[in-house]
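Asks: Here is how the chains run, residue by residue.
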Amino acid sequence: MTMTATRTQTIATRVRRRAEESPGAVAMRYKDFGIWKEAGWLTYWTHVELVAHALMALGVQPGDRVAVHSENRPEWLYADLATVAIRGITVGLYPTNPPAEVAYLLSNSGAKILIAEDQEQVDKALAVIDECPDLERIVYLEPRGIRGRYDDPRLMSWEELLAMGAERAGPLEERMASAEPGDVMTLIYTSGTTGPPKGVMLTVANVEFAVRTLVENGGFTSPPPSERDLIVSYLPLCHVAERAFTVWFNSAAGVQVNFAESIDTVQANLREVQPTILFGVPRIWEKILAQVNIKIDSASPLKRLTTRLWLRVADRIGDTLVRTGGRHTMGTRALYGLGWLMCYRSLRERLGMRRVRYAASGAAPIAPDVLKFYMGIGVAMHEVYGMSENTAIATGNRPGRIRLGTVGEPQEGVELRIDELTGEILTRHPGTFAGYWRNPRATADVLDEDGWLHTGDVGEWVEGTHVRITDRMKDILITAGGKNVAPSEMENALKASPYIKEAVVIGDQRPYLVALIGIELDTVGEWARRRGLSYTTYRDLSEKSEVRELVQGIVDEVNQRFARVEQVRRFAFLPKELDHEDGELTATQKVKRSAIAKLFEELVEGMYRR
Amino acid sequence: MSDRESPTKERRPWKQGRPPMAWAADIPTGRSRRPRGRPLLYTSYSQDMALLDTGAKKVWTGLLVLVAFGLSVVLADRSLEVLAGAYVLAIGAIGLNIVTGYAGQVSLGHAFFVAIGAYTGAALSGPPGGRTLGFGVAEIWIWLPAAGLMAAAAGVLVAPLATRLRGLYLAVVTLGLVFLGEHIFKEWDALTGGPGVGRSAAVPQLFGVRLDQDGPLGTREQLLYLLMLVLLIVFAVAARNLARSRIGRAFMAIRDRDIAAEVMGVPLTRYKVLAFGISSFYAGCAGALLYSISGYVEPGSFSLLLSVQFIAMVLIGGVATVSGAIAGALFISLLQPLTRSLPALVPFVSADTTVTPNVFQVETVLYGLLIILFLVFEPRGLFGVWIRVRNYWKSWPFSY
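If you read the sequences in order, they're chains A and B. According to the numbering used here, the first sequence is numbered sequentially starting from 6. According to the numbering used here, the second sequence is numbered sequentially starting from 60.
I should point out that these hints are in silico values taken from the structure, not numbers from a laboratory. Misleading hints may appear alongside valid ones.
What the hints assert, rightly or not - Rough simulated footprint, nothing fancy, chain B against chain A, three-plus residues with beta-carbon under 8 Å:
| # | segment |
| --- | --- |
| 1 | 38-47 |
| 2 | 273-280 |
| 3 | 306-312 |
Ideal Cβ placement from N, Cα and C applies to all residues, glycine included.
Assemble the whole structure, with the sequences as input and the hints as a guide.
Replies: See below:
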């Protein structure tokens, strides 16, 4: 019963092979009542088979869509792999998606089956089910609040699904064997900062190219990932980056996946698992750094003194590493060794990064200072670049050849050029997507006839090898004075401060630049507490004159690093924390500029009126 | 891995008759060991509950035990005798800690249970037909459990009082027990030899080898030291295991709030009786062993002062911790040789009991003073000091 005539390798065949070769080795861990339960490869594949049989019994044909609306957990992977095995298409929904977006995603993708995590997600789907005519079944994972209360005939539990798979076995082997490289295996919806989300079609061949480049050839990590590596899966799996690190790394290299309990417990889970490979979005790295600063400030005097001293040393080590591209010199190695004994070892242990051999930041631009901090304390941090449309493959900083402020060098097998006229980054490789789902016009906009993908990012070459990204093309501002300004640089410089969570620079067709700033409630709250400032709400805190002075100081300091036209003249505080539900952020916590500009028009106008 | 040995059988096992659901529910991964170097990643509850849950604890505890055994060769006989006594007192202190520290029942009557153990052991191993009662059973593995059980029986008899009384009232009743016991032991000449006279204590003999005499295996003090050390380890591990079991958790629930514990389904009477019984067992064993070192028991020694000494050990060492009780016992016992040497250093303190101030008075004052100081400045005792130091470094480089 080996490899029966399976010509096309997919992530499903890879997992099947692992179940045969090392059935007892750990594939993933999930936390259950305080204990990390382990699931071996055999458990993994058995579940995938059962779900696949059940999906076939439910009438899922090749090319049909199966949607998954859940936090990261083993069932996500079981459902994804089962769908791929029967040549279906997996559609991931963000757990934070409000009902309106759920309706859009389900109806746009035309999903036949929805796998919903719990009552919350089931409720969202049931609320909009009239808008989704294709939806035939909703499978729920957690029966609490649903079983015995809901009597919609379309509902069924995960256990019932597995039982159905056990009873009604279908021609799974044949279905798997008939897989073609051109099969679309997943739709990854873009975050939609400008318009409604678009479904990026990734084919089996796209993902196989990604696996070869990123996993087997060690496109990110060096040496390539293996069964001995551990990762913590905590970012939404419907995003291409987390899918790559969780599903693809796991099935292709056998990396042990550990599912965080929730986004709030990531820090604690990281500390328990001590992963060897860690991927994060800038927001995560910024938040961890801010927390380190809070904790140092509230430590006892001796600890505060020594830790500050060693972090200053780390800063110097970081400076050197930035110069050498991440390679230690004799001096920094000795210094680091001493600091390791005194501070870095325990600091990294506390952060859950004691054993991290490769860390990456991607999916959004990050301030170089944040990266430098991690490099200084010995976490090998690399900024990488990619997008759903090219299966997350474009560039990456390679260990030992890091250029801070750049997104690295093009990956192996990737053609990358920068348009001479517009400065737009173009990529071409076998990972380029098959098009937007049911949207050929949008596809034609980004994919030209030569196969070049227009990324929409403006960039430039640094020293001929590394790529630096200036901004999103659509975000480039042209001031009333006719100057082109890339707002993200200013925004990231502002956000590097632990006190600032959001910064939106505005100034298109305006005489000068202004900024809307959202404070970081934790750090500013702690700062206010230590000064004896009492406050009630987020808004109350941000309206304090002391807080205004604090932020004014940060803005002034940042302004000095920029040319005069790029400086922020005035700023205003956002009266609330931005939120996905209110339509201000995308599911990936990116700011929707147009929505912000409209919502806070008064504030913006006020800054220009004075 | 067994999966490798029979590939044909193990491959696709869900296709060999067993219903697939059963396979899906629970397939052992064949490896319950956690990945290396991740002490916080528990893959089973037994790891979470382990006594020595980190590598550092294993190493240091192992070293500590090795050093303790090594001391028997290094130290002089006089010091070994003091330490052997300290270990026995530690067993008694652990016992008091079970009832007072874990279960929260204040007991001033510990000396009474110690006395019962001491006389049970002495009577069992004493020569038959002598001046005092004796049965001639010198084997330690007979008289030691007997002494413990006799004391435990007395404890169980007293326990019903504890289920009706709380706090101060319980303390007064157990205090009465000490005076009652003192009176009985002073009057029962046939057993105790009478005040001022006393009798020979339990004879430690193990499989025919007298441990209170120099022999081919070592000097008297070395043998006694090793015996007491081994027994202390046995008793301490047993107590530690008890504390983390269902019974131990029930004790703590009763200590924290007996009504709440009862509401949660902890039978108060049963667990209070159990607490007194186990505690008295420890006391009885300690009593029988304690006097086998000096070889002589005097009924006047089981006074309130002995109870106070045990309370001091528990409070100074650390309430509701086994290692704290051991530390407290060592601290108090090592204090004695120090105070005894006071007359040589401080001229106005006399070694003569008829003169005021004498060393015994100084000792009593010191116990009281230490108890007060510890309660005021470090209620968690020596163990609390240790925890504080450990947490300081554990939370490095932050404060929490």
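Asks: Take the hints in turn and mark each one as holding or not.
Replies: Do the hints match the structure? See the list:
| no. | hint | result |
| --- | --- | --- |
| 1 | 38-47 | holds (count 8) |
| 2 | 273-280 | holds (count 4) |
| 3 | 306-312 | holds (count 3) |
The structure shown violates none of the earlier numbered hints.
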